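Chains as they are written, first to last, in this note's numbering: chain A, -4 to 301; chain B, -4 to 301.
Keep in mind that the hints were calculated from the coordinates and are not lab data. Some hints could be false.
Remember, identical chains collapse to one label, so a pair may be satisfied in a single copy or spanning two.
Straight-line Cα separation of at most 27 Å, DSS-like style, residue types lysine-lysine; simulated pairs [claimed, not checked]:
1) LYS251 - LYS290
2) LYS277 - LYS295
3) LYS157 - LYS295
4) LYS251 - LYS157
5) LYS132 - LYS290
6) LYS290 - LYS176
7) LYS295 - LYS251
8) LYS176 - LYS132
9) LYS100 - LYS176
10) LYS295 - LYS148
11) LYS277 - LYS251
12) LYS66 - LYS251
13) LYS148 - LYS100
14) LYS251 - LYS100
15) LYS132 - LYS277
16) LYS66 - LYS132
17) LYS290 - LYS148
18) LYS290 - LYS66
19) LYS148 - LYS251
20) LYS157 - LYS277
Please read these numbers as outputs of a predicted model, since none were measured by experiment.
Number of protein chains: 2
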Amino acid sequence: MSVLVVGSVALDTITNPFGTIEEGLGGSAVYFSLAARAFTSVKLVAVVGTDFPEEHMQLLRDHGVDLDGLKVETGNTFRWTGEYSADLNMARTLDTQLNVFAHFKPVLPPSYRHVDSLFLANIDPHLQRDVLAQVDKPVFVGCDTMNFWIEQKREGVLEVLKLVDVLFINEDEARMLTGMKHLFDCAQAILALGPNTVAIKRGASGVALFQQDRVFVAPVYLPARAVDTTGAGDSFAGGFMGFVTKAQDHSWETLKRAAVMGTLLASLNIESFSIHRLHTLKQTEIMERWLEFQKMTEYKPEPAPF
Amino acid sequence: MSVLVVGSVALDTITNPFGTIEEGLGGSAVYFSLAARAFTSVKLVAVVGTDFPEEHMQLLRDHGVDLDGLKVETGNTFRWTGEYSADLNMARTLDTQLNVFAHFKPVLPPSYRHVDSLFLANIDPHLQRDVLAQVDKPVFVGCDTMNFWIEQKREGVLEVLKLVDVLFINEDEARMLTGMKHLFDCAQAILALGPNTVAIKRGASGVALFQQDRVFVAPVYLPARAVDTTGAGDSFAGGFMGFVTKAQDHSWETLKRAAVMGTLLASLNIESFSIHRLHTLKQTEIMERWLEFQKMTEYKPEPAPF
């Protein structure tokens, strides 16, 4: 079993009310990989510069992440500098240096052709499509996107949506993509664009999972003490896709469980700056949170209130 | 069975992206009563001016709300004018005319001495305490408060907290009251102030219910198409307190169910301006939503993920 992820590997400099980190390991493909590796083997496609620290390479290797698809190009690694609002819900970009990521052209090694699942993290939709063209049709394909691509490359986004099983998208992006106000309407409109399933990421409000005529809503794991919300969406996707890959099933029941698992991985990730929490994470800790989450959300609907 | 509510009766003028309403029936005691009346009889303590429309009186009477405690004073009824942000999460007050509410001194009729439950809506904590002194100790007491009282009459708020079973409070107010950042820490700090239970209202994120060493988290009823969020907190409290009163029980299991019921009443209330949705609400509609909510939040935690 394996999941392939294509996305960014970055060095993030972040300031928020809980502290600062300088050039911490980050990027969508990294957060995804370190969340998904708890469930399945991970193959990574991304690009870094020759300045990328060997210790970060080693960290990913130590977690069993296949780096055959990680290209090292002459130049500097993608850097992002941002600061967060007091409640950690809003990030403001202070500086973006795309560096080698500016000309990223994913070329998959032959060993990557056959994978069970594929996650197209938030990159140019044309690159997402190029990656899809380079693999044998995987059993399950997820993708992410963002406001920038929805505004600038809408046609590309719409083309990719026809080819994926599940779209991961946040609330504002869902409204932007569909022009609808109510989340329920957004979800129906997105399903009509192609994906069989849409997972709307609601930040501190949790997640809502939709299929035609079906909805599942889960709150966040509230006891998590958020310290840095960077990578929450990608660790959600990593937990979700990792779980589905391991389950070798994508029935509605499995996807609901995967959505819960996604929120748990996100809740773990936000407890530290950068990837520290995911780096030290043990399966027993995930299992503990899985049991706690069940306990803190269950109630008896019977007897009926009237 | 009956629940007593003391709070405001108001005429609200509201503008938001979905429209405008001029002098619509509102106020904490009204929203609470029209939510709670689905479960139990309601006694209301509040004050209105001689300008208060008879049709509003009749509407409350038609729903079986006992108005013996509603004082009509010479002058005008409390009026609030506000506008909401695009997502309806933030209200900005444009004008407040306290009018007869400025000198509100709740005096309970003798028939109000014996009630099963009592809800002290968001009013001056000294008035909340005065009301508590006028009733035989009810089985179950809930109270609400707001940033203004926490800042201006902190001692009064703390005194009331020692006398109630459950505090209903929103996230920002919980942080203000306790000086803590993380919701979990806020809840523990509030429990240490007196209440056995605290319900933290999280707006579009749902509700979190806490007791010592216990937590229950519920998302919102997502399919609700929000049109006006005014009164969401009070209809939550009305559903919660009404449910507990009807159940004649306040075990943890019952309180969890009450919290779900509270979110459902809030979700119904926000589907219209003013009290229109609560006014026309039928028990069968609540029951339908109760079943739907269960369906949209349940998942199978077994088998274990590892």
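TODO: Please write out, lowest number first, the hints stated earlier that are contradicted by the structure.
DONE: 3, 5, 8, 9, 10, 12, 14, 15, 17, 18, 19 and 20
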